[in-house]
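Going down the list, the protein sequences come from chains A and B.
With my numbering as the guide, the letters of the first sequence map in order to residues 5 to 447.
With my numbering as the guide, the letters of the second sequence map in order to residues 61 to 108.
Incorrect hints may have been included.
[What the hints assert, rightly or not] One-sided and incomplete, this derived list gives chain B residues near chain A with beta-carbon spacing under 7 Å:
hint : residue
1    : I80
2    : A83
3    : W86
By construction, these hints were calculated from the structure, which means they are not laboratory data.
Only a predicted model underlies this, so the values are computations on that prediction, with no experimental measurement involved.
The C-beta atom is built at its ideal place from N, Cα and C for all residues, glycine as well.
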Amino acid sequence: MSPPVAPLGWSRWLVPPAALSVHLSIGQAYAWSVFKPSLESALDLSGTQSALPFQLGIVMLGLSAAFGGTLVERNGPRWAMTVALICFSSGFLLSALGAATEQYWLIVFGYGFVGGIGLGIGYISPVSTLIKWFPDRPGMATGIAIMGFGGGALIASPWSAQMLESFGSDNTGIAQAFLVHGLTYAVFMSLGVLLVRVPRPAKTAADGGPAPLEGVQVSANSAIRTPQFWCLWVVLCMNVTAGIGILEKAAPMITDFFADTSTPVSASAAAGFVALLSAANMLGRIGWSSTSDLIGRKNIYRVYLGVGALMYALIAWVGDSSKPLFICCALVILSFYGGGFATIPAYLKDLFGTYQVGAIHGRLLTAWSTAGVLGPLIVNWIADRQEEAGKSGESLYGLSLIIMIGLLVIGFVANELVRPVHARHHIPAQKEAVDVHERQQPA
Amino acid sequence: MSTSDSSPPDSSPSGRRGLITFAWLWVGAPLAYGLYELVRKATQLFTG
Numbered sequence: 005m006s007p008p009v010a011p012l013g014w015s016r017w018l019v020p021p022a023a024l025s026v027h028l029s030i031g032q033a034y035a036w037s038v039f040k041p042s043l044e045s046a047l048d049l050s051g052t053q054s055a056l057p058f059q060l061g062i063v064m065l066g067l068s069a070a071f072g073g074t075l076v077e078r079n080g081p082r083w084a085m086t087v088a089l090i091c092f093s094s095g096f097l098l099s100a101l102g103a104a105t106e107q108y109w110l111i112v113f114g115y116g117f118v119g120g121i122g123l124g125i126g127y128i129s130p131v132s133t134l135i136k137w138f139p140d141r142p143g144m145a146t147g148i149a150i151m152g153f154g155g156g157a158l159i160a161s162p163w164s165a166q167m168l169e170s171f172g173s174d175n176t177g178i179a180q181a182f183l184v185h186g187l188t189y190a191v192f193m194s195l196g197v198l199l200v201r202v203p204r205p206a207k208t209a210a211d212g213g214p215a216p217l218e219g220v221q222v223s224a225n226s227a228i229r230t231p232q233f234w235c236l237w238v239v240l241c242m243n244v245t246a247g248i249g250i251l252e253k254a255a256p257m258i259t260d261f262f263a264d265t266s267t268p269v270s271a272s273a274a275a276g277f278v279a280l281l282s283a284a285n286m287l288g289r290i291g292w293s294s295t296s297d298l299i300g301r302k303n304i305y306r307v308y309l310g311v312g313a314l315m316y317a318l319i320a321w322v323g324d325s326s327k328p329l330f331i332c333c334a335l336v337i338l339s340f341y342g343g344g345f346a347t348i349p350a351y352l353k354d355l356f357g358t359y360q361v362g363a364i365h366g367r368l369l370t371a372w373s374t375a376g377v378l379g380p381l382i383v384n385w386i387a388d389r390q391e392e393a394g395k396s397g398e399s400l401y402g403l404s405l406i407i408m409i410g411l412l413v414i415g416f417v418a419n420e421l422v423r424p425v426h427a428r429h430h431i432p433a434q435k436e437a438v439d440v441h442e443r444q445q446p447a
Numbered sequence: 061m062s063t064s065d066s067s068p069p070d071s072s073p074s075g076r077r078g079l080i081t082f083a084w085l086w087v088g089a090p091l092a093y094g095l096y097e098l099v100r101k102a103t104q105l106f107t108g
């Protein structure tokens with residue numbers, strides 16, 4: 005399948021909504037928890053069992069992004085968005101069948117395995133194309149798309165809850181809700197499939213042949229052999245671990261932190277805090293990523309990691325004496341968490357060029373999978389041990405905060421070690437120009 | 061860039077403006093709904 009080349013006069017401002025239609029859909033994954041209580045009561049499941057479809061989905065996201073990146077580069081964004089649409093929607097339809105027949109394994113397989121492939125391919129599908137359309141503002145362009153992934157949960161969370169309320173929380177109601185999700189997301193994502201276009205290939209003025217891409221270009225296979233790739237892997241992993249540590253445990257954390265004070269936090273206020281963190285996460289994606297176009301990628305990661313560490317230190321230092329300060333610091337940390345996700349494709353483009361940036365991004369997302377395990381593990385394990393030791397309130401989290409500061413400092417050092425890629429990893433200009441030209445010819 | 065055939069990056073002829081508006085509304089409307097629900101929930105931090 006050859007990538008769809010934009011006709012003359014095609015506006016690049018049609019590409020971000022195409023990307024958003026996919027990211028706003030697959031971002032639903034973070035709202036899976038809405039289905040958990042209904043599934044647990046309808047199919048007699050434990051909390052661990054009901055989390056399985058989401059966990060498998062995230063594992064498949066990392067694997068399909070890492071291993072499918074080269075295919076996405078070869079076949080183009082329309083192919084990738086079509087695969088994402090089919091897999092993500094089929095996942096819901098299989099889950100509907102599973103819920104209707106009370107076969108829970110089918111929900112795990114459908115949503116987790118099949119839908120998870122849609123998550124991974126969908127996540128990386130527009131990145132390379134956006135960077136090529138917006139060479140002057142790559143941070144802003146990828147920030148818009150990746151903001152969509154954060155926004156997807158904001159939409160799905162109330163929408164899914166209302167649907168379960170209407171259809172009922174028994175297995176038939178859940179099946180109907182899954183069915184509506186699958187069909188709606190298929191229609192919604194089809195906008196992306198129909199709209200997405202790659203820019204017209206540049207040609208040399210001299211002979212009309214394919215012009216080489218500007219700047220350094222490195223293939224995905226070479227990129228993973230460079231220290232720069234692994235430095236960025238550490239940067240992303242540390243930044244995400246630090247953010248996820250707060251995000252995953254936000255409600256109990258703010259409740260515990262101020263439990264021993266004169267102004268304890270109620271359950272509904274804690275839910276409001278979680279919502280505010282989601283907003284900071286989403287706004288950080290577009291805001292900080294766009295800022296990186298102005299101040300540079302290395303500098304913005306210095307801010308994410310350096311100021312992030314300071315924010316954690318401030319929380320540890322001030323403790324439970326100031327609730328507004330705690331909330332402000334947490335919001336800044338979460339905005340850096342989102343910004344870190346959204347800025348990494350532009351950082352990769354700066355270092356490795358646009359040649360196979362989507363595939364390289366896919367491979368780097370294994371850092372996200374690692375952080376997804378590390379962050380919650382650190383915070384939960386330490387909080388449990390501290391509780392066993394008889395501690396309460398803010399002292400449950402003191403050690404976790406110090407560990408997060410350490411992780412951010414490691415990330416800061418890794419960012420400082422990033423240097424331009426050595427010339428031996430660059431691909432010859434003519435080979436890359438011919439490859440790009442061949443990919444954009446009709447089959 | 062040495063191009064003779066690439067699209068002008070910011071070109072949006074009037075024929076495309078309708079499509080651009082439709083596409084942004086398509087994704088903007090559900091996002092606005094999500095943000096509205098988020099703001100409603102977030103205010104609980106100050107009232108709850």
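Non-conforming hints, listed in increasing numerical order: Result: no hint breaks.
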